[in-house]
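Asks: Sequence:
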Amino acid sequence: MEVFDLACQDWKRSLVGTVHNAGFFIAIPLTGLISDKYGRRPALIFASVANGVFGVIRALSVNYNMFVVFEFLEPAFGAGVYTACFVLALELVGPKGRVFVSLLFNTMFILGGVTVTLLSWWLLNWRYLLFIIYTPAVFVFIYIWGLPESFRWLFSKGRYEEGLNVLSRSEKMNNVNVPKDHYEQVEKQATKQRDERKCDNAERNQSTFNQMLTSPMIWKRLFICSFLWISSTLVYYGLSINAIELSGNRYVNYIVILVIEAPANVCKLIFLDRFGRKRVIATAYFLTGLILINYGFVPVGNWSILLYLGGKFFITLAYNSLYVFAAEVFPTNYRTSLLAMCSTIGRIGSTVAPQTPLLTRYYEYLPTMIFGGMAALSGFLVLTLPETNNLKLPDSLKEAQDQDRRKEIEDTVERTVERTTTTDNKTRL
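Heads up: the sequence shown begins at 1 in the UniProt record's numbering, then just goes up one per residue.
Incorrect hints may have been included.
Using 25 Å as the maximum straight-line C-alpha spacing, the simulated DSS-like pairs for lysine-lysine come out as follows [claimed, not checked]:
hint, residue 1, residue 2
1, K392, K278
2, K278, K398
3, K37, K157
4, K398, K220
5, K278, K220
6, K392, K220
Pair by pair, the computed Cβ-Cβ distance ranges are [what the hints assert, rightly or not]:
hint, residue 1, residue 2, range
7, E161, F380, 45 to 55 Å
8, N249, F141, 36 to 46 Å
9, L123, N390, 42 to 52 Å
The set of hints was computed from the structure by calculation and includes no laboratory data. All residues carry an ideal CB built from backbone N, CA and C; glycine is no exception.
All chains, full assembly: derive it from the sequences and hints.
Replies: And the structure:
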């Protein structure tokens, strides 16, 4: 940023990252609105083209103020591209393909980060870098002629013929012959679900929304999940940003910090179903806290870098698992709205994260100690939520409340077993 004469103004450089993340407060609700009202494909194309246009203009910035303005506009209108693309991909595959899609997206995210880091290392010029990574996004508008819309979204809007055409195209591309009566069954089921929604919507929107607003359980879960999101984004992005301060080559360090996410994503897929959501996420938060709080007491060198990588590994495991867990503790009627609220509030963490390197002026390891404290507190909060593994998603407020009752019953049974065991042992003695 020498061209803007920021060499001795660290706060201005860190402000760029804060302004960028602030754009997400607009992007999340905006993308959701476009996606639900106009379709997944228009939302994806709009966000991608906005990314490209504002990114290229940012590369042409003539002063710092212009750069910061477009640093905000680019994510404000384009940051929803990941969400729109992810939802579209999930809705185009069956249940068995969703895990693979999730892993594929995470892998592409890592590869993209590594590619940008290598380009930055090679070019050493931010203008050239922005031109290279944003120009292709401008041409995503051609997807309007080749990318299929989500057939699930089309069915939900009553556009059955278009939805069936999408399925027919998929059938031809995959060389699969689907019986004609299968399409008829799909259309009948979609029609039935739409009619049921029409009948129930008025009553459900009034009574259920009022119940939700007066439910202490919903407010408790909303508060806890929002805090977990703030903590996760702060630690996750904070560790990535502060990685350049590690000993050694800053580009290599950042690449390693990105690559460590790959095994964390694989562990998420293996551990969540085997050991349960709550146990895995709480353990990941506790280990993140333990590692980062003790990071400052280890001499600079290989061991300190290993601890830093360990912190990034476990916070990635916790953060990515949180998406699954949070979706399972909210009722279906307002699941999307409540998750969007958690995610939006959680952006406070990613907005603050770029400022954390400034804390090293007061104490070198203050950022990692704060990260560790937030992670440890998050671990305790997770324990107050119900376990959702192998449970049906709650469709109503009552079913969500039943999750807490199930937790109380399990705790009572566990205490009874412990008392019985203790009594038996005393009797034997």
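Asks: Please go over all the hints and tell whether each is borne out by the structure.
Replies: Verification of the supplied hints:
no., hint, result
1, K392 - K278, "holds, 16 Å"
2, K278 - K398, "holds, 21 Å"
3, K37 - K157, "holds, 9 Å"
4, K398 - K220, "holds, 15 Å"
5, K278 - K220, "holds, 16 Å"
6, K392 - K220, "holds, 21 Å"
7, E161 - F380: 45 to 55 Å, "holds, 53 Å"
8, N249 - F141: 36 to 46 Å, "holds, 38 Å"
9, L123 - N390: 42 to 52 Å, "holds, 50 Å"
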